[in-house]
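Next come the chains, spelled out residue by residue.
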Amino acid sequence: MDLKSLPFQQIQTIFSEAQKIKSNKNSTISFSGETIALLFFEASTRTRLSFETAAFRLGLGPLLLDGGVKSSLEKGESIEDSILNVAAMHPRFLVVRCGDSFDLSGLAKKIQIPLINAGWGVKGHPTQALLDIFTMQESLGDLSGKKILFVGDIRHSRVAASHFELADVLKTQMAVCCPPEFLPENNKLKIFENLNEALAWADVVMTLRCQFERHQSGFKIFSAQDYRKNYGLNQTRLQKLHAKALIMHPGPINHGIELESEVLQDSRCRVLEQVSNGVYVRQATLRLMLEGKL
Amino acid sequence: MDLKSLPFQQIQTIFSEAQKIKSNKNSTISFSGETIALLFFEASTRTRLSFETAAFRLGLGPLLLDGGVKSSLEKGESIEDSILNVAAMHPRFLVVRCGDSFDLSGLAKKIQIPLINAGWGVKGHPTQALLDIFTMQESLGDLSGKKILFVGDIRHSRVAASHFELADVLKTQMAVCCPPEFLPENNKLKIFENLNEALAWADVVMTLRCQFERHQSGFKIFSAQDYRKNYGLNQTRLQKLHAKALIMHPGPINHGIELESEVLQDSRCRVLEQVSNGVYVRQATLRLMLEGKL
Amino acid sequence: MDLKSLPFQQIQTIFSEAQKIKSNKNSTISFSGETIALLFFEASTRTRLSFETAAFRLGLGPLLLDGGVKSSLEKGESIEDSILNVAAMHPRFLVVRCGDSFDLSGLAKKIQIPLINAGWGVKGHPTQALLDIFTMQESLGDLSGKKILFVGDIRHSRVAASHFELADVLKTQMAVCCPPEFLPENNKLKIFENLNEALAWADVVMTLRCQFERHQSGFKIFSAQDYRKNYGLNQTRLQKLHAKALIMHPGPINHGIELESEVLQDSRCRVLEQVSNGVYVRQATLRLMLEGKL
Numbered sequence: 023m024d025l026k027s028l029p030f031q032q033i034q035t036i037f038s039e040a041q042k043i044k045s046n047k048n049s050t051i052s053f054s055g056e057t058i059a060l061l062f063f064e065a066s067t068r069t070r071l072s073f074e075t076a077a078f079r080l081g082l083g084p085l086l087l088d089g090g091v092k093s094s095l096e097k098g099e100s101i102e103d104s105i106l107n108v109a110a111m112h113p114r115f116l117v118v119r120c121g122d123s124f125d126l127s128g129l130a131k132k133i134q135i136p137l138i139n140a141g142w143g144v145k146g147h148p149t150q151a152l153l154d155i156f157t158m159q160e161s162l163g164d165l166s167g168k169k170i171l172f173v174g175d176i177r178h179s180r181v182a183a184s185h186f187e188l189a190d191v192l193k194t195q196m197a198v199c200c201p202p203e204f205l206p207e208n209n210k211l212k213i214f215e216n217l218n219e220a221l222a223w224a225d226v227v228m229t230l231r232c233q234f235e236r237h238q239s240g241f242k243i244f245s246a247q248d249y250r251k252n253y254g255l256n257q258t259r260l261q262k263l264h265a266k267a268l269i270m271h272p273g274p275i276n277h278g279i280e281l282e283s284e285v286l287q288d289s290r291c292r293v294l295e296q297v298s299n300g301v302y303v304r305q306a307t308l309r310l311m312l313e314g315k316l
Numbered sequence: 023m024d025l026k027s028l029p030f031q032q033i034q035t036i037f038s039e040a041q042k043i044k045s046n047k048n049s050t051i052s053f054s055g056e057t058i059a060l061l062f063f064e065a066s067t068r069t070r071l072s073f074e075t076a077a078f079r080l081g082l083g084p085l086l087l088d089g090g091v092k093s094s095l096e097k098g099e100s101i102e103d104s105i106l107n108v109a110a111m112h113p114r115f116l117v118v119r120c121g122d123s124f125d126l127s128g129l130a131k132k133i134q135i136p137l138i139n140a141g142w143g144v145k146g147h148p149t150q151a152l153l154d155i156f157t158m159q160e161s162l163g164d165l166s167g168k169k170i171l172f173v174g175d176i177r178h179s180r181v182a183a184s185h186f187e188l189a190d191v192l193k194t195q196m197a198v199c200c201p202p203e204f205l206p207e208n209n210k211l212k213i214f215e216n217l218n219e220a221l222a223w224a225d226v227v228m229t230l231r232c233q234f235e236r237h238q239s240g241f242k243i244f245s246a247q248d249y250r251k252n253y254g255l256n257q258t259r260l261q262k263l264h265a266k267a268l269i270m271h272p273g274p275i276n277h278g279i280e281l282e283s284e285v286l287q288d289s290r291c292r293v294l295e296q297v298s299n300g301v302y303v304r305q306a307t308l309r310l311m312l313e314g315k316l
Numbered sequence: 023m024d025l026k027s028l029p030f031q032q033i034q035t036i037f038s039e040a041q042k043i044k045s046n047k048n049s050t051i052s053f054s055g056e057t058i059a060l061l062f063f064e065a066s067t068r069t070r071l072s073f074e075t076a077a078f079r080l081g082l083g084p085l086l087l088d089g090g091v092k093s094s095l096e097k098g099e100s101i102e103d104s105i106l107n108v109a110a111m112h113p114r115f116l117v118v119r120c121g122d123s124f125d126l127s128g129l130a131k132k133i134q135i136p137l138i139n140a141g142w143g144v145k146g147h148p149t150q151a152l153l154d155i156f157t158m159q160e161s162l163g164d165l166s167g168k169k170i171l172f173v174g175d176i177r178h179s180r181v182a183a184s185h186f187e188l189a190d191v192l193k194t195q196m197a198v199c200c201p202p203e204f205l206p207e208n209n210k211l212k213i214f215e216n217l218n219e220a221l222a223w224a225d226v227v228m229t230l231r232c233q234f235e236r237h238q239s240g241f242k243i244f245s246a247q248d249y250r251k252n253y254g255l256n257q258t259r260l261q262k263l264h265a266k267a268l269i270m271h272p273g274p275i276n277h278g279i280e281l282e283s284e285v286l287q288d289s290r291c292r293v294l295e296q297v298s299n300g301v302y303v304r305q306a307t308l309r310l311m312l313e314g315k316l
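Residue numbers (my numbering), protein chains in the order written: chain H, 23 to 316; chain B, 23 to 316; chain X, 23 to 316.
Just so you know, these hints were derived from the structure itself, not from any lab. Just to be clear, a hint being listed does not mean it is correct.
The list cannot tell twin chains apart, which means a pair is met if one copy fits it or any two copies do.
To be verified - DSSO-like mimics (lysine-lysine), calculated; alpha carbons at most 27 Å apart, straight line: (1) 132 with 44; (2) 266 with 132; (3) 131 with 44; (4) 132 with 315; (5) 168 with 210.
Modelling step: build the complete structure from the supplied sequences, incorporating the hints.
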């Protein structure tokens, strides 16, 4: 699934299916006895469980490579070999999370089975972006012209990367507010230096995880406390945000860095709604692909 | 599920359902497409597999956080955040094992989804106690007045803690026999200093694991061999036990410490029956909760 | 399942069922609500996923001990105790991978539940041998008199061990070509010192993984590069192989040691077909056992 080539109409088809699933909550199982491979060459919990939930609701048996994958990799098997081998067992989908260095789109061309990107290094995380957009549309309606602000480690965020790909299709306005070291290489973005001004501008504030674990040693030129002071969300700062604006975070959250725990109690916060919607959007995507409608 | 507030009648409802499942062995599946989250923040094998078996028999898809949970926790996510996130994916149950320091009952009040304690530090392990009681009732009938002897690391045993909570409801007599360091803080218990006298008294001898892995260094003031000599079960000692008394252990067993392997061959031993019954009791509990009868 | 006592006719029954599954690709689910235990005390990815796929297609819920098994083993539980405990939860099958030192056939006699060997030290890996034979028969028809050449670490290969057991039943001819350190203790085998001569002889060349991870330190008296030079398959060497001969490998492959990546593109190569057939053969075996026909 390549977001850049996903037309607006198809996104709305997914969302309309997701909305249907969400209202009924009660989907018929159609694909019992079939499988879906969830191959996480990089760690994941929520994305894996979200796809797994969607799978069970469709009757698909999840084949999991997670900790397990290590065993083959330890025996010297490449990621490509691992995926080709699992593909030879004919699951209906290959859901893959891997690092930047692996040529995921090259591999997708070699195999017949639909390959779904579940987080590819810093390149993208399309289903996360889709569920975010779905969550925004639920509260804000048509997103055309809406102002989306990213606060956090935008340069290292595959979620942000996928959102930037969708901006042209959805005709949203995008801005960022972050330390210079976190700025992405993307000239189309509006840049705010002051968080309060940025919050006053935004219809949605998407906070992003400070991925300290991805930073090279020596890279940390500012501390978590500096970050919190200048870019962390708290009740005081949220007074600048419109009454109908949304607060989001793709998780996992560093409490007391990107945001204070009190922020999660704010009525504008959609963090857990994002998680719930993730299942609906993924289930809708899988179902439409299984039915040949996507 | 709080054992202290679980009335005698409800316990018998669970057991009667479990007995029905056990006799038919052949339960209809009713909840296909739904999920159950098994969140083991502390290691488990048998409890996890027991719940998983019960889940599959009901058609519930198990969502497992086990080794996997580490990935999010490594990213700095708290146990509470992990559980809230999984809850947002709307499983039918949250089955949780965690340490004492986590406020499991506090969390249970915050979420709508039934939260089942699958081992909470040394505080309790209610489904294990229920399956033990079910196993006792199968052989001994009504337990009122029956004498249950605990031998082993009672102070560090969440299984014992749950049994002590049930004693008032079931009107059982409880005694302990163990090194002073393993004595619990519970004044209602009869204490035996001599194992042979204790065995002669008991209708059930529940041996408990010496959880050496939970002991602080420096705490081991006696060796495994000392323990075996004074408190370990073997064929000679079992001659003191009534012909119709039961030998139990919640596992995993330290062979040659709590008991010699020969003990498992004794006709009074119910160790593997406990494991079998664990599935029936858990399946019964889940089914009754799903049907709104518990 | 003991290959030495598996009659030719039963092997063909399995294969005929596997062929039926492969042509329809669309098997009805019959055993929903039942479980299959996959107990991997040694690491596996492809065998585990292959059995798991077969399980889902039959409606069996897979109970996995993998990384998870460590938790009980860390608590000091023996492999035998682990298996007996899982058996007490009444799965329909116990699929076990373990080391040589564990007495798997001794245990099989103690339990009522069918125990399937999924890789037992260097002793055998029967379902791998069956899927290999199935793959050979698909291309070559009746194997009686056919020439099967093993190249690689034959002494440490449980796959080869299982094939040698089947040779008498199938009336195949077996030869080996490998460094002297890799020669098995089996006098019936034809030995080739020169790989080109061996390839000219063979109807099937079964390359085997150099299990460097199993070798004791000090054992490596030749390097991976020496091995590649003398025993590695590449396009030049494959010119010696008959046009209708088959190239196989049970995986995982050490690229550039047992074979060059180019070999996988050769039209005689059946490596991924082996993986696909593994699911069919295992599904057929499980189904026939469930139906009491095996």
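Going through the hints against the structure:
1. For a Cα distance limit of 27 Å, the shortest separation of residue 132 from residue 44 across copies, 22 Å, qualifies, whereas the shortest one inside one copy, 35 Å, does not.
2. With identical chains, the CA atoms of residue 266 and residue 132 are at most 27 Å apart between copies only, with a shortest distance of 25 Å across copies and 46 Å within one.
3. Taking CA atoms no more than 27 Å apart as the test, residue 131 paired with residue 44 passes between copies only; the shortest distance there is 25 Å, against 33 Å inside one copy.
4. For a Cα distance limit of 27 Å, the shortest separation of residue 132 from residue 315 inside one copy, 22 Å, qualifies, whereas the shortest one across copies, 40 Å, does not.
5. Taking identical chains as interchangeable, the C-alpha atoms of residue 168 and residue 210 lie at most 27 Å apart only when both belong to the same chain, with a minimum of 15 Å there against 67 Å between chains.
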